[in-house]
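K.L.:
Single-letter residue listing:
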Amino acid sequence: MEKYLLKLKVNGQEYELYINPKTLLVEVIRDHISLTGTKRGCETVSCGACTVTVDDMAVKSCSILAVQAEGRHVRTVEGLEADGKLAPVQKSFLDHGAYQCGFCTPGMLMMSEAFLKENPTPTREEIREGIEGNICRCTGYNSIVRAVEAVAKGNYKKE
Amino acid sequence: MIHDFTYLKPGTLQEALSMLADHKEECKVISGGQSLLIIMRQGLVVTDYLVDIKRLNELSYIKYDEKGGLRIGATTTHRAVEKSELIKQKYPVLVAIEKGLASVQVRNWGTIAGNLAHGDSSGDLAPTLIALDAKIKLSSETGNRTIPLEEFYTGLFETALNKDELVVEVQVPPARELTATVYEKFNLIKNDQAVVGVAATVAVDQGSTCKEARIVLSNAAVTPIRAKNGERLLIGKKLSDALLTEAAEAAAKEADPVSDIHASEEYRRHLIRVLTKRMVTEAWEEAIRLG
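In order, the protein sequences belong to chains A and B. If you read the first sequence in this note's numbering, its first letter stands for residue 1, the second for the next number, and so on. If you read the second sequence in this note's numbering, its first letter stands for residue 160, the second for the next number, and so on.
None of these hints come from the bench; they were simulated from the model. Heads up, a few of these hints could be off.
[As the list claims (entries may be wrong)] Below 30 angstroms or equal to it, Euclidean Cα-Cα: the simulated DSBU-like pairs (lysine-lysine) are:
| no. | chain 1 | residue 1 | chain 2 | residue 2 |
| --- | --- | --- | --- | --- |
| 1 | B | Lys-387 | B | Lys-397 |
| 2 | B | Lys-396 | B | Lys-294 |
| 3 | B | Lys-187 | B | Lys-168 |
| 4 | B | Lys-387 | B | Lys-296 |
| 5 | B | Lys-168 | A | Lys-9 |
| 6 | B | Lys-168 | B | Lys-296 |
| 7 | B | Lys-222 | B | Lys-294 |
| 8 | B | Lys-294 | B | Lys-187 |
| 9 | B | Lys-183 | A | Lys-3 |
| 10 | A | Lys-158 | B | Lys-242 |
| 11 | B | Lys-387 | B | Lys-247 |
| 12 | A | Lys-153 | B | Lys-242 |
| 13 | B | Lys-258 | A | Lys-153 |
| 14 | B | Lys-168 | A | Lys-3 |
| 15 | B | Lys-249 | A | Lys-117 |
| 16 | B | Lys-187 | A | Lys-9 |
[To be verified] Listed next, with one range per pair, are the computed distances between beta-carbon atoms:
| no. | chain 1 | residue 1 | chain 2 | residue 2 | range |
| --- | --- | --- | --- | --- | --- |
| 17 | A | Glu-16 | B | Arg-448 | 54 to 64 angstroms |
| 18 | B | Gly-170 | A | Glu-126 | 36 to 46 angstroms |
| 19 | A | Asp-31 | B | Gly-170 | 22 to 32 angstroms |
| 20 | B | Leu-347 | A | Thr-36 | 26 to 36 angstroms |
Ideal Cβ placement from N, Cα and C applies to all residues, glycine included.
Generate the whole structure from the sequences, applying the supplied hints.
P.N.:
Below, the structure is given as structure tokens:
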């Protein structure tokens, strides 16, 4: 199999990797560049645990070929904090206890981040619709919705 | 595990078509891959070459003119359709079904042509577009052809697409007065695939009599199908409960649903009856309201 030279930008950093073209984006993120925040869950585009953003769009990295993200900017949960400071959504999730086991959290955070960029002043119902592609198997949705709502209300600012 | 393949990245439509012509026997096309990668991972699709059309921006467009109607390019994403003001105004049903399709992440990456060419009979887009009398444009190195979307589906996950052909465009006739199209699916989890779905188009005259009707069923046979016996019963009639019951019964009879873990055949027929009645009523009342 001919290896493909992939040039990819992840969290602002440029990478050059030789990969098999069948490699999924989540595999590149976790196994090739060792950013293990992003989770592999259902692998059938259902659960959203692998959500990252590509050019600010939330996508499921388990069902995108890494080669398709070439030349675009991928952001993972590791890219949310800046200069050692947590992003507003991260702080709000912490304060609201918006996780139980934590497995869905990286995906939820990335989805929330992308959602709030698109819709900075959502209603509660819109927040629920916004995270419809992310499953919390612990069913801790209420605190997640409250956390996103708190960010939208401006209770958390970028430090 | 996904089997190895050679990855081909055409820069233009012409280049993509020539790649398909060169490798047609052992080639698959990927666009957003939101359906394809799942079945490739399951080993259901094995291919030597994968042609990636996701970046063909020349096929990413939404255009409308009063004479020709709506044209959506193949690599247009679901999200672009969902957010299009033009489509919201002219074909609100398309925006409504997009909002109920899978999840934001899937709609951000998945494309219209990918969804249609995948050929899953439980899709929402194909039955709705058939209810809108849409056509699909297919291109190969040797030329183009445009066929009714209804004729595109030939069997279980099978389409009329030849091995060297690519879906390039979906065409929907101009929005008409006194005509409405609606769609509803039944599922247990919001935005999940349809256990059964029904799309209905009703065109009425000034006196609210049905002039034309389409009833298209999702996940009710191996392909999306029209319930033509049900449709025929509606033509020339006024809206009444007895008529709707009769048409819904006819649609349920015409369907050929399977029994699976989601629903029995019997339950699916019941759902077709309920949804057909509901959708035809809604389309009919909406068509009158538009008058």
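K.L.:
Each hint should be assessed against the structure and marked as holding or not.
P.N.:
So, going through the hints one by one against the coordinates:
no.: 1; hint: B:Lys-387 <-> B:Lys-397; in the structure: holds, 18 angstroms
no.: 2; hint: B:Lys-396 <-> B:Lys-294; in the structure: holds, 28 angstroms
no.: 3; hint: B:Lys-187 <-> B:Lys-168; in the structure: holds, 12 angstroms
no.: 4; hint: B:Lys-387 <-> B:Lys-296; in the structure: holds, 24 angstroms
no.: 5; hint: B:Lys-168 <-> A:Lys-9; in the structure: holds, 19 angstroms
no.: 6; hint: B:Lys-168 <-> B:Lys-296; in the structure: holds, 22 angstroms
no.: 7; hint: B:Lys-222 <-> B:Lys-294; in the structure: holds, 15 angstroms
no.: 8; hint: B:Lys-294 <-> B:Lys-187; in the structure: holds, 22 angstroms
no.: 9; hint: B:Lys-183 <-> A:Lys-3; in the structure: holds, 23 angstroms
no.: 10; hint: A:Lys-158 <-> B:Lys-242; in the structure: holds, 29 angstroms
no.: 11; hint: B:Lys-387 <-> B:Lys-247; in the structure: holds, 28 angstroms
no.: 12; hint: A:Lys-153 <-> B:Lys-242; in the structure: holds, 25 angstroms
no.: 13; hint: B:Lys-258 <-> A:Lys-153; in the structure: holds, 25 angstroms
no.: 14; hint: B:Lys-168 <-> A:Lys-3; in the structure: holds, 14 angstroms
no.: 15; hint: B:Lys-249 <-> A:Lys-117; in the structure: holds, 28 angstroms
no.: 16; hint: B:Lys-187 <-> A:Lys-9; in the structure: holds, 27 angstroms
no.: 17; hint: A:Glu-16 <-> B:Arg-448: 54 to 64 angstroms; in the structure: holds, 59 angstroms
no.: 18; hint: B:Gly-170 <-> A:Glu-126: 36 to 46 angstroms; in the structure: holds, 39 angstroms
no.: 19; hint: A:Asp-31 <-> B:Gly-170: 22 to 32 angstroms; in the structure: holds, 29 angstroms
no.: 20; hint: B:Leu-347 <-> A:Thr-36: 26 to 36 angstroms; in the structure: holds, 33 angstroms
Checked against the numbered hints given earlier, the structure satisfies every one of them.
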